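From just these sequences and the hints, can you work out the full model?
The numbering used here puts the first residue of the sequence shown at 1, with every later residue one more than the last.
The hints are simulated quantities; they were obtained by calculation from the structure and are not laboratory data.
In this text the structure is predicted, and so the values were computed from the model without any measurement.
Any given hint might turn out to be false.
In silico DSS-like pairs for lysine-lysine, Cα to Cα no more than 30 Å straight-line [as the list claims (entries may be wrong)]:
no.	residue 1	residue 2
1	Lys49	Lys321
2	Lys52	Lys317
3	Lys17	Lys290
4	Lys290	Lys422
5	Lys321	Lys422
6	Lys221	Lys249
7	Lys88	Lys290
8	Lys249	Lys52
9	Lys450	Lys37
10	Lys473	Lys450
11	Lys52	Lys184
12	Lys480	Lys290
13	Lys249	Lys290
14	Lys421	Lys369
15	Lys49	Lys2
16	Lys221	Lys393
17	Lys421	Lys393
18	Lys290	Lys52
19	Lys321	Lys213
20	Lys84	Lys216
21	Lys84	Lys450
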Amino acid sequence: MKNDITIAQEATLHHIKEVAKTLDIREDDLEFYGKYKAKLSDELWEQVKDRKDGKLILVTAINPTPAGEGKTTISVGLSQAFGKLNQKAIVALREPSLGPCFGIKGGASGGGYSQVVPMEDLNLHFTGDFHAITSANNLLAAMMDNHIHQGNDLNIDTNSIVWKRCLDMNDRVLRNTVVGLGRKVDGVVREDHFVITVASEIMAILCLADNMKDLKIRLSKIIVAYNYDGEPVTAGQLNAVGAMAALLKDAIKPNLVQTLEHTPAIIHGGPFANIAHGCNSVRATKMGLKLADYVITEAGFGADLGAEKFFDIKCRKAGLKPDAVVLVATIRALKYNGGVAKADLSNENLDALRLGTANLEKHIENLQKFKVPIVVTLNRFVTDTDAELEYVKEFCENRGCDFALSEVWEKGGDGGVELAKKVIETIQTKESEFTYLYDETLPLKDKIEKIATEIYGAKAVAYDVAALKAIDKIEEIGFKELPICMAKNQYSLSDDPSKLGRPTDFVIHIREVYVSAGAGFVVAITGTVMTMPGLPKKPAAENVDVSDESVITGLF
Numbered sequence: 001m002k003n004d005i006t007i008a009q010e011a012t013l014h015h016i017k018e019v020a021k022t023l024d025i026r027e028d029d030l031e032f033y034g035k036y037k038a039k040l041s042d043e044l045w046e047q048v049k050d051r052k053d054g055k056l057i058l059v060t061a062i063n064p065t066p067a068g069e070g071k072t073t074i075s076v077g078l079s080q081a082f083g084k085l086n087q088k089a090i091v092a093l094r095e096p097s098l099g100p101c102f103g104i105k106g107g108a109s110g111g112g113y114s115q116v117v118p119m120e121d122l123n124l125h126f127t128g129d130f131h132a133i134t135s136a137n138n139l140l141a142a143m144m145d146n147h148i149h150q151g152n153d154l155n156i157d158t159n160s161i162v163w164k165r166c167l168d169m170n171d172r173v174l175r176n177t178v179v180g181l182g183r184k185v186d187g188v189v190r191e192d193h194f195v196i197t198v199a200s201e202i203m204a205i206l207c208l209a210d211n212m213k214d215l216k217i218r219l220s221k222i223i224v225a226y227n228y229d230g231e232p233v234t235a236g237q238l239n240a241v242g243a244m245a246a247l248l249k250d251a252i253k254p255n256l257v258q259t260l261e262h263t264p265a266i267i268h269g270g271p272f273a274n275i276a277h278g279c280n281s282v283r284a285t286k287m288g289l290k291l292a293d294y295v296i297t298e299a300g301f302g303a304d305l306g307a308e309k310f311f312d313i314k315c316r317k318a319g320l321k322p323d324a325v326v327l328v329a330t331i332r333a334l335k336y337n338g339g340v341a342k343a344d345l346s347n348e349n350l351d352a353l354r355l356g357t358a359n360l361e362k363h364i365e366n367l368q369k370f371k372v373p374i375v376v377t378l379n380r381f382v383t384d385t386d387a388e389l390e391y392v393k394e395f396c397e398n399r400g401c402d403f404a405l406s407e408v409w410e411k412g413g414d415g416g417v418e419l420a421k422k423v424i425e426t427i428q429t430k431e432s433e434f435t436y437l438y439d440e441t442l443p444l445k446d447k448i449e450k451i452a453t454e455i456y457g458a459k460a461v462a463y464d465v466a467a468l469k470a471i472d473k474i475e476e477i478g479f480k481e482l483p484i485c486m487a488k489n490q491y492s493l494s495d496d497p498s499k500l501g502r503p504t505d506f507v508i509h510i511r512e513v514y515v516s517a518g519a520g521f522v523v524a525i526t527g528t529v530m531t532m533p534g535l536p537k538k539p540a541a542e543n544v545d546v547s548d549e550s551v552i553t554g555l556f
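Structure follows, in structure tokens:
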């Protein structure tokens with residue numbers, strides 16, 4: 001079968017105004033970025049905001065492995081399958097980051113015959129949203145350093161600066177830097193740091209803001225530093241909010257594109273899933289719910305990270321109530337979790353499969369805590385045997401989950417009809433009684449420990465001294481009742497990526513805690529998770545090229 005980028009480049013795309021017509025969107029309500037991309041106007045929201053919501057379907061997965069699970073591919077294929085059943089559906093996804101595109105992961109727009117297009121645009125500059133976020137983030141950093149240089153009226157303690165610069169690229173040498181070197185006019189010498197753009201609080205703010213007014217309120221609350229009295233200094237005090245909002249004026253508007261089968265796709269925002277909350281924007285999801293009968297969205301990485309944050313942060317903040325969850329797995333990934341080497345995953349191995357399904361079982365148990373109906377789907381590979389497929393089907397149904405196979409990578413929407421029918425049946429026959437994992441009024445440590453023990457399966461939580469001091473400080477300055485955003489590796493339920501399957505008797509280590517006051521959550525960093533990734537020994541960027549005819553190759 002052809003590779004993803006070849007399939008995408010050979011596709012015949014509809015003009016985006018034709019895609020919009022299927023949602024009854026007028027041309028006047030689109031802001032065009034060429035023929036195949038458009039932003040949805042604020043005026044459109046005013047027209048549709050009082051409509052009844054469609055059904056919200058979350059797609060999540062087991063812990064990712066090198067064998068791949070295809071969560072985005074399933075999301076896109078499921079939306080196409082709804083179209084095959086003459087159902088009005090939208091897929092609402094995050095925008096890819098340049099860092100992973102040129103690092104390990106490659107493109108992030110689905111795969112095979114279940115992709116969002118134009119694929120190259122989506123994975124590269126798209127409509128410039130990430131550039132706007134990067135610029136707003138770094139403008140705030142520049143204004144803060146300039147304030148210090150110009151007399152420091154706010155008494156900012158240069159040893160207590162918490163705002164970092166950002167760049168949408170994996171660049172390890174920028175993790176820890178020194179700025180202000182040179183002459184006196186070059187600023188105050190201090191240690192500084194960079195995060196990847198998708199880890200910027202401004203990305204999280206953009207994705208959680210309801211409108212421009214809400215965006216500006218959230219921007220004003222960003223804590224950039226603490227003064228010599230230990231009090232927070234905010235972006236609002238630096239008078240940076242108006243200029244930052246001006247840079248984000250267009251970025252806050254959701255983007256409309258299409259799948260290979262011309263299903264509408266709203267792609268907007270992209271907070272990191274193992275650092276931030278890992279969901280597309282609230283505006284995009286809410287817009288989709290007003291325009292379609294079914295909205296398929298996804299949360300980043302496995303259900304332990306993405307789904308928990310989707311429920312406890314995004315749904316809580318936005319007042320969303322999911323109607324069903326699709327949990328994605330593959331036979332290959334389950335066998336990998338059962339101890340099979342990647343080179344041997346094509347061979348039938350029921351013993352390893354039984355061991356590996358412990359990971360799937362834990363994710364099922366976790367999702368059941370939120371009381372949303374679950375459909376487990378296997379993203380089918382040609383090497384899967386009937387015995388393996390039947391074992392997983394029976395395993396899931398014995399745990400109260402509906403089950404369906406998916407072949408959307410190979411067959412597009414046709415390969416997802418069985419799954420789409422099962423999702424519709426589940427929504428029609430099983431009522432969602434959605435609830436949160438914890439009450440916001442609990443102390444911060446209690447919320448952290450509830451996530452660690454109930455979702456990850458840890459026996460205890462250990463805190464570095466600095467993390468304990470930070471928790472006390474955060475509660476002291478009035479942020480005790482914010483939800484928790486856990487930053488953890490995606491490969492394991494524990495904070496050790498080498499512990500596959502369903503590890504037990506482990507301790508979660510909290511090394512750092514800080515408040516994202518504008519986004520409205522407290523971040524707890526576990527293990528060795530980094531906010532600025534590095535490139536691998538052979539980065540994906542080495543495979544990317546452009547032909548003499550300006551055709552991009554090697555992106556994915």
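These are the hints, each one checked on the structure:
1. Lys49 <-> Lys321: holds (16 Å)
2. Lys52 <-> Lys317: Since the Cα atoms of lysine 52 and lysine 317 sit roughly 19 Å apart, the hinted pair holds (cutoff 30 Å).
3. Lys17 <-> Lys290: Since the Cα atoms of lysine 17 and lysine 290 sit roughly 18 Å apart, the hinted pair holds (cutoff 30 Å).
4. Lys290 <-> Lys422: Holds, at roughly 23 Å.
5. Lys321 <-> Lys422: Distance ~20 Å between lysine 321 and lysine 422 Cα, so the pair holds.
6. Lys221 <-> Lys249: holds (18 Å)
7. Lys88 <-> Lys290: Holds, at roughly 11 Å.
8. Lys249 <-> Lys52: holds (27 Å)
9. Lys450 <-> Lys37: violated (42 Å)
10. Lys473 <-> Lys450: Holds, at roughly 21 Å.
11. Lys52 <-> Lys184: Given pair lysine 52, lysine 184 is violated - Cα atoms ~60 Å apart, limit 30 Å.
12. Lys480 <-> Lys290: This hinted pair is violated, its Cα atoms lying about 34 Å apart.
13. Lys249 <-> Lys290: holds (22 Å)
14. Lys421 <-> Lys369: This hinted pair holds, its Cα atoms lying about 25 Å apart.
15. Lys49 <-> Lys2: violated (42 Å)
16. Lys221 <-> Lys393: violated (48 Å)
17. Lys421 <-> Lys393: Within the cut-off at roughly 16 Å; holds.
18. Lys290 <-> Lys52: holds (6 Å)
19. Lys321 <-> Lys213: holds (24 Å)
20. Lys84 <-> Lys216: violated (42 Å)
21. Lys84 <-> Lys450: With a Cα-Cα distance of about 42 Å, the restraint between lysine 84 and lysine 450 is violated, given a limit of 30 Å.
The earlier numbered hints that this structure contradicts are 9, 11, 12, 15, 16, 20, 21.
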